[in-house]
Amino acid sequence: MRIREDYEKIEDEILAAYAMKSKDSSGRAVDNKAHPYRTCYQRDRDRIVHSQAFRKLEYKTQVFVILEGDYYRTRLTHTIEVAQIARTIGRALRLNEDLIEAIALAHDLGHPPFGHAGEEALSKIMQEGIKEAFNHNLRSFEIVNKFEKRYPDFDGLDLSREVLIGILKHNTNYDIPTELKGFDDGPTLEARVVDIADALAYLSHDIDDGLTSGLITKVDLMDSKLWQDSYGKIEASVDPTNNEMMKYQVVKFLIDLQTRDLLEFSSQRLKEESFNSSREVRDYHSSRSVKNVIDFSPRMKQERNELQELLHEKLYRHYRVIRMTEKAKRIVTEIFKVYEEKPEQLPYNVWPRDKSFDKKQKYYIICNYIAGMTDRAALDEHEKLFNPFKKV
5 MRIREDYEKI
15 EDEILAAYAM
25 KSKDSSGRAV
35 DNKAHPYRTC
45 YQRDRDRIVH
55 SQAFRKLEYK
65 TQVFVILEGD
75 YYRTRLTHTI
85 EVAQIARTIG
95 RALRLNEDLI
105 EAIALAHDLG
115 HPPFGHAGEE
125 ALSKIMQEGI
135 KEAFNHNLRS
145 FEIVNKFEKR
155 YPDFDGLDLS
165 REVLIGILKH
175 NTNYDIPTEL
185 KGFDDGPTLE
195 ARVVDIADAL
205 AYLSHDIDDG
215 LTSGLITKVD
225 LMDSKLWQDS
235 YGKIEASVDP
245 TNNEMMKYQV
255 VKFLIDLQTR
265 DLLEFSSQRL
275 KEESFNSSRE
285 VRDYHSSRSV
295 KNVIDFSPRM
305 KQERNELQEL
315 LHEKLYRHYR
325 VIRMTEKAKR
335 IVTEIFKVYE
345 EKPEQLPYNV
355 WPRDKSFDKK
365 QKYYIICNYI
375 AGMTDRAALD
385 EHEKLFNPFK
395 KV
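Its first residue numbered 5, the sequence shown is counted upward by one per residue in this note's numbering.
If you're looking for bench data, these hints aren't it; they were derived computationally from the structure. Given the structure is predicted, the values throughout are model-derived calculations rather than measurements. C-beta atoms are modelled at their ideal positions from N, C-alpha and C, and glycine is treated no differently. Don't take each hint at face value.
Have a look at the derived ranges for each label pair, beta carbon to beta carbon [unchecked claim]:
1. K388 with N280: 51 to 61 Å
2. K341 with R165: 35 to 45 Å
3. R324 with K395: 26 to 36 Å
Could you build all of it, start to finish, from the sequences and the hints given here?
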């Protein structure tokens, strides 16, 4: 039988010097008693999986609203895919897979209903009302640090510091790193792997969903060199009349092509930097001016950007997606307005009647209440508030 110390010894043997070892963690804010059979990051992963916020990801939008169909990706399936890709990258680079998985599983916990449409609506409301934007990285952090109520002695999940920093400083085109007093450390390489795996999964799987929906076609994507190369490699080996098989195989090849490029380029960058410890990595990442170590080659980045721009034009700006997006924004905005005008309509546990709140506190309470909803919950809430024949 293996115990925690056995896993920590295995990490010493197989992980690179620049990897974040479990035994070297900066620990938790409250409960630092070691578990007999699990490392700190294994415990973090398990706490996240059992959280209420993680379960809600099943009914939160990726691109297509949950009611559009069962095939399309949700925040939960996207999160699992990011974790899988990130672990593959981490294993090849001899990083701590448990830390990678914990950060990956938590990175989207703060997303409101309706994906980026819901986030844009809440951000606009908060900026106009109290001059502060909604940031889902910060909300993810607050969920695991405060809003989850699972333990009698503290709020939140009391996760390891490295996981919290990976959540706060998650950085992609859609995720803005958040600076917070007391969390000035730079992220680990494991956190950077999650960043890049998120971007990789987004691009490849949005293509999959876009083709399935019929909103984009193979012809639309032929303007992209990255798609042309991937399609050309698969075309000869798959029946061209089998559209489903062709789609699966090209998207699969596209993921593999990007991953191979990422591993080759990142491996070279790691050799150049010659990190001797995870502490050196975090010190390096504490500066905003440094070059990314975990990254695609310049050629791949350019081709990815071209494909991303093509998707933005053909898929994200498709009239059906815009209709879903604008409808989602209206729903979130209208719900917020109702509660802003009469917050006593909120549940007792959300708006305590024995306390008074200023405008900023009121906005935060309503924002957090709406952000915690799934797509279905938000639609149902809107129906209750605006349909006079709906039971409240």
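Hints versus structure:
no. : hint                       : verdict
1   : K388 with N280: 51 to 61 Å : holds, 59 Å
2   : K341 with R165: 35 to 45 Å : holds, 39 Å
3   : R324 with K395: 26 to 36 Å : holds, 31 Å
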